[in-house]
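S.K.: Given these sequences and hints, build the entire structure.
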Amino acid sequence: MKLISVKPSISADKCIGCGICSKVCPAATIAIKDKKAIVDEEFCRGCGACEQRCPVYAIAMVKLEKPYTVAVNVEDVPYEKIKELCKTAHMHPEQIICYCTATRAEEVAAAVLTGAKTPEEISRRTGIRMGCKVECIQPILRILKAAGIDPERPDGYQWYGITPTLWDISPEIKEKYKTSGFYFDEDIKILEKVIKAKGSRGDR
Amino acid sequence: MRKPIIPTAAKISQYGIHPDLLTKRMAEYPEMTSVMVKELFPDAPEVIYPSAAGDGLDLIKKAAIAALQNVDMSMIKPGHSVNVLASHHGFTLLGGQPYATFLKVVRDEIESKTGATDIRLRAGNGLRFRETEEYIKQYGLNVHFKGKARCIAPIDEGIPIKTEIGTLYGLKSVYDADWIVHAHNSDVREVHFHRHVDRAVKPFGMSYARIETRSTYHQNLGPRGANFTARSIFESEFVKSKFAFTAFLDMAPSGVVGVVAANDLFELNDYLTFVGLNYYGKIMTLLGEIDECIVGLDFPCPVPYVFAAGVIYANMVGANVDLFDLDGDLPPYTWYTEAFYGKNGKPLIDDIAPVNPAVKMVIHNYAWGGYPSAFFSEQIPTIVVKKEQAELFDNDPQNLEYTKHAVISESLDNAMQFAYKTANTDKVLIFDGAIGGLNLSHSLLQLLQAKAPAVSKRVDEELMPKWLRQRGISPLGVKRQ
Chain A
1 MKLISVKPSI SADKCIGCGI CSKVCPAATI AIKDKKAIVD EEFCRGCGAC
51 EQRCPVYAIA MVKLEKPYTV AVNVEDVPYE KIKELCKTAH MHPEQIICYC
101 TATRAEEVAA AVLTGAKTPE EISRRTGIRM GCKVECIQPI LRILKAAGID
151 PERPDGYQWY GITPTLWDIS PEIKEKYKTS GFYFDEDIKI LEKVIKAKGS
201 RGDR
Chain W
1 MRKPIIPTAA KISQYGIHPD LLTKRMAEYP EMTSVMVKEL FPDAPEVIYP
51 SAAGDGLDLI KKAAIAALQN VDMSMIKPGH SVNVLASHHG FTLLGGQPYA
101 TFLKVVRDEI ESKTGATDIR LRAGNGLRFR ETEEYIKQYG LNVHFKGKAR
151 CIAPIDEGIP IKTEIGTLYG LKSVYDADWI VHAHNSDVRE VHFHRHVDRA
201 VKPFGMSYAR IETRSTYHQN LGPRGANFTA RSIFESEFVK SKFAFTAFLD
251 MAPSGVVGVV AANDLFELND YLTFVGLNYY GKIMTLLGEI DECIVGLDFP
301 CPVPYVFAAG VIYANMVGAN VDLFDLDGDL PPYTWYTEAF YGKNGKPLID
351 DIAPVNPAVK MVIHNYAWGG YPSAFFSEQI PTIVVKKEQA ELFDNDPQNL
401 EYTKHAVISE SLDNAMQFAY KTANTDKVLI FDGAIGGLNL SHSLLQLLQA
451 KAPAVSKRVD EELMPKWLRQ RGISPLGVKR Q
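Protein chains in written order, with the UniProt record's numbering: chain A, 1 to 204; chain W, 1 to 481.
Any given hint could be a false lead.
As the list claims (entries may be wrong) - Okay, the calculated beta carbon distance ranges per label pair:
1. A:Ser200 with W:His18: 39 to 45 angstroms
2. W:Asp426 with A:Gly17: 55 to 61 angstroms
3. A:Gly19 with W:Glu410: 42 to 48 angstroms
4. W:Arg469 with A:Ser170: 23 to 29 angstroms
5. W:Glu31 with A:Gly19: 52 to 58 angstroms
6. W:Ile65 with A:Glu41: 50 to 56 angstroms
7. A:Ser11 with W:Asp350: 52 to 58 angstroms
8. W:Glu31 with A:Thr88: 54 to 60 angstroms
9. A:Tyr57 with W:Arg469: 49 to 55 angstroms
10. W:Asp460 with A:Thr88: 44 to 50 angstroms
11. W:Lys479 with A:Lys189: 31 to 37 angstroms
12. W:Asp413 with A:Asp76: 47 to 53 angstroms
Claimed, not checked - Result set (EDC-like, lysine to aspartate or glutamate): computed pairs, CA atoms no more than 16 angstroms apart in a straight line:
13. W:Lys404 with W:Glu378
14. W:Lys360 with W:Glu292
15. W:Lys24 with W:Glu410
16. A:Lys176 with W:Glu164
17. W:Lys148 with W:Glu111
18. A:Lys7 with A:Asp40
19. A:Lys198 with W:Asp350
20. W:Lys457 with W:Glu289
21. W:Lys360 with W:Asp291
22. W:Lys343 with A:Glu75
23. W:Lys240 with W:Glu267
24. W:Lys360 with W:Asp426
25. A:Lys189 with W:Asp327
26. A:Lys7 with A:Glu42
27. A:Lys63 with A:Glu41
28. W:Lys11 with W:Glu134
29. A:Lys193 with W:Asp351
30. A:Lys174 with W:Glu164
31. A:Lys189 with W:Asp350
32. W:Lys61 with W:Asp108
33. A:Lys7 with W:Asp394
34. A:Lys196 with W:Asp351
35. W:Lys240 with W:Glu164
36. A:Lys198 with W:Asp351
37. W:Lys77 with W:Asp108
38. A:Lys178 with W:Asp327
39. A:Lys176 with W:Glu235
40. A:Lys189 with W:Asp351
These are calculated hints, taken from the structure and not from any lab test. Beta carbons: idealized from backbone N, C-alpha and C, even for Gly.
M.R.: See the structure below:
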């Protein structure tokens, strides 16, 4: 769940139509028309990536008159399915995967189970990736992969691809670096413990 | 009673309130005093900045020139391009001038020794994508780099890098030169994340990396395996083919010790790990001895990064455990830890230590947004001074929940009175970037002075050998720089 309280305001006078804003928008809501940036306000989630990277300072974030929230209701999906999907992705359903919006794995799993097929769709529905824009892309891609979905990369720089997890580290690498302070197996142990933990619903 | 040290000045930034709104600093209260790190630990290293003679920046210039004499730059030919890679954190150390000065010398020495003139600055950011843009302007770096200084952000155009664990992603503009030079600093900073493993290598996984790589670090590889992200990128054939040398501003809690440089990053990494544990181990362990206190945030930086005696607030939040001890699974605060709190507000597993119970209350007198900080106000009673500061956080996409867990005070005076009454302690520790020491209440000073000798002995005799053993470092094998 995320509160949407701001939106970008683009100065047409300053905009040079370079397209960088559209390349960095995690919800893919900006298009360039007639050499000017146009925001699709219905799906903008107010993250400010466009404002932060505009090279000519043509964008300002302004307060919305009526802030609103976006969320996917976890109750709309059988929780066993959510648990199974999260477990395949090596996550606990209640694990937070976006620190800015406190979005938990269960909400992203519910978004995927109710039809979201790309990180952009998941962002639009849950508001995830709309805080720092940095830390939560991999858990999203991991949950999509666990659901058997290989999303097509959008245009621009939004995201490039899924990366390795702790469970992908080979025995050779573990052996090679075992005396250098990398505690791979011990970390797997603690993460597995989290995955199996009892949640607030009381079930394991 | 020693007077408080002058805190780091407020800065004009889009990430903080305007300095004019900061009408009073916590160090101004009559019950506050200060202590130098050297007074607590007489064996603390000698520093060149700050300097009693006031020539600290000149000493940094001389140290940088001397350190770079021992570096082989012969691979860089006239006509080659060079990217000097920097990170935003360096600019928050001791007011920022030392790091800016160091970067300027690195540039000039490359030109002077190689004849290359196409030398660019690529300054990485954390989660505030224009922060180094502000520093580049403030310290005249674009002029010094002849119009070739650029602020780079993790959402900028990427480049795939094949590593031994799979493909990770760097920032294209970091690698768009013939050579790269890694110019960083050695303060231990967010030791709760990296646990002081591969400190010198870490920026390759963070400051110079795309979101996919940073997300790998913080979500995919575990609380202690995470640093392998940086090592795997640095050890890739692609990065090795571009790497020329590295130089570090060598930091201690008391100031700048000197400048070190090498062609072999891992040689320097071992040295910096050794001295980092040595320099910072004592002050961090001492902070863990505090039984109760009110913490003041009063520094131009996001909440977790505000400084006292070289240690950041986030590390104080975890000072109830030994953050350098790798046998501990999860520190009380990292994003892995934060992730493992369930919907009922309780940890999902019982292995998670609570945040430092000694921190009874936090007064947020001055700190920036631009880093997800709701965990701190949710876990520790927090007073935010002035509505402008609260509004700043309420409009920050990373901190929409921060003030929901805090109370707002109209003045610092009111906040202090409330904190003294409610927290029921007169011990105050201020994270305000006081140079060379820390500002604190007289009552807390007495506690630290009493505890410091035993802490020093324990670190020397018990903790240092363990910390080094866990990282595979022999003190005899560390090459002095």
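S.K.: Work down the list of hints and note, for each, if the structure agrees.
M.R.: Quick rundown of the hints versus the structure:
The given range of 39 to 45 angstroms is respected by A:Ser200 and W:His18, whose C-beta atoms sit roughly 42 angstroms from each other. Taking 55 to 61 angstroms as the suggested C-beta distance range, the pair W:Asp426 and A:Gly17 conforms, at roughly 60 angstroms. Take A:Gly19 and W:Glu410: their Cβ atoms lie about 45 angstroms apart, and the range 42 to 48 angstroms holds. Checked against the hint of 23 to 29 angstroms, the C-beta distance between W:Arg469 and A:Ser170 comes to roughly 25 angstroms, which is consistent with it.
Restraint check, W:Glu31 to A:Gly19: a C-beta distance of roughly 56 angstroms satisfies the suggested window 52 to 58 angstroms. For W:Ile65 and A:Glu41, the Cβ-Cβ distance of about 55 angstroms falls inside the hinted range of 50 to 56 angstroms, so the restraint holds. In this structure the hint that A:Ser11 and W:Asp350 lie 52 to 58 angstroms apart at CB holds, the actual value being about 54 angstroms. For W:Glu31 paired with A:Thr88, a C-beta distance near 57 angstroms keeps the hint of 54 to 60 angstroms intact.
Between A:Tyr57 and W:Arg469 the Cβ separation comes to about 52 angstroms, which falls inside the hinted range of 49 to 55 angstroms. Here the CB-CB span from W:Asp460 to A:Thr88 is close to 49 angstroms, well matched to the stated 44 to 50 angstroms. At about 35 angstroms, the beta-carbon gap between W:Lys479 and A:Lys189 stays in the expected band of 31 to 37 angstroms. Hint check: W:Asp413 to A:Asp76, Cβ distance near 50 angstroms, so the stated range 47 to 53 angstroms holds.
A threshold of 16 angstroms between alpha carbons decides the hint, and for W:Lys404 with W:Glu378 the separation of about 8 angstroms falls inside it, so the pair holds. Distance restraint check for W:Lys360 and W:Glu292: the Cα-Cα separation of roughly 6 angstroms lies within the 16 angstroms cut-off, and the hinted pair is therefore satisfied. Distance check on the hinted pair: W:Lys24 and W:Glu410 sit about 12 angstroms apart at the alpha-carbon level, within 16 angstroms; holds. Our distance criterion of 16 angstroms between C-alpha atoms is met by A:Lys176 and W:Glu164, whose separation comes to about 12 angstroms.
Restraint check: the Cα-Cα separation between W:Lys148 and W:Glu111 comes to about 14 angstroms, which is no more than 16 angstroms; the hinted pair holds. Between A:Lys7 and A:Asp40 the alpha-carbon distance is near 10 angstroms, which keeps this suggested pair within the 16 angstroms criterion. Restraint check: the Cα-Cα separation between A:Lys198 and W:Asp350 comes to about 11 angstroms, which is no more than 16 angstroms; the hinted pair holds. Note on W:Lys457 and W:Glu289: the hinted pairing holds, with a Cα-Cα distance of about 14 angstroms set against a maximum of 16 angstroms.
Restraint check for W:Lys360 and W:Asp291: satisfied, since their Cα atoms lie roughly 10 angstroms apart, inside the 16 angstroms limit. Annotation: proposed proximity of W:Lys343 to A:Glu75 holds, straight-line Cα distance about 14 angstroms (limit 16 angstroms). Using a Cα cut-off of 16 angstroms, the hinted pair W:Lys240 and W:Glu267 holds, with the two alpha carbons roughly 15 angstroms apart. With a C-alpha separation of about 11 angstroms, the suggested pairing of W:Lys360 with W:Asp426 holds against the 16 angstroms cut-off.
Restraint check: the Cα-Cα separation between A:Lys189 and W:Asp327 comes to about 13 angstroms, which is no more than 16 angstroms; the hinted pair holds. The hinted pair formed by A:Lys7 and A:Glu42 meets the criterion: a straight-line CA distance of about 10 angstroms does not exceed 16 angstroms. Between A:Lys63 and A:Glu41 the alpha-carbon distance is near 13 angstroms, which keeps this suggested pair within the 16 angstroms criterion. For the proposed pair W:Lys11 and W:Glu134, the alpha carbon gap of about 10 angstroms is at most 16 angstroms, so the pair holds.
With a CA separation close to 10 angstroms, the supplied pair A:Lys193 and W:Asp351 stays within the 16 angstroms bound. Taken as a hint, the A:Lys174 and W:Glu164 pair is honoured in the structure, with Cα atoms around 12 angstroms apart against an allowance of 16 angstroms. Of the pairs offered as hints, the one joining A:Lys189 and W:Asp350 holds, with about 14 angstroms between alpha carbons and a cut-off of 16 angstroms not exceeded. Proximity of W:Lys61 to W:Asp108 is assessed by CA-CA distance (about 11 angstroms); at most 16 angstroms being required, the pair is judged to hold.
For the given pair, A:Lys7 sits about 14 angstroms from W:Asp394 by alpha-carbon distance, which is consistent with the 16 angstroms threshold. The suggested pairing of A:Lys196 with W:Asp351 holds, with an alpha-carbon distance near 13 angstroms, which does not exceed 16 angstroms. Of the supplied pair hints, the one linking W:Lys240 and W:Glu164 holds, its CA atoms being roughly 13 angstroms apart against a limit of 16 angstroms. Pair hint A:Lys198 plus W:Asp351 holds up; C-alpha atoms about 13 angstroms apart against a cutoff of 16 angstroms.
With a C-alpha separation of about 15 angstroms, the suggested pair W:Lys77 and W:Asp108 falls inside the 16 angstroms cut-off, and the hint holds. A hinted pair counts as satisfied when its Cα atoms are at most 16 angstroms apart, and A:Lys178 with W:Asp327 qualifies at roughly 14 angstroms. Among the hinted pairs, A:Lys176 with W:Glu235 is consistent with the structure: their alpha-carbon atoms are about 13 angstroms apart, no more than 16 angstroms. For the hint pairing A:Lys189 with W:Asp351, the CA-to-CA distance comes to about 12 angstroms; that is within 16 angstroms, so the pair holds.
Hint check: no violations occur; every hint is consistent with the structure.
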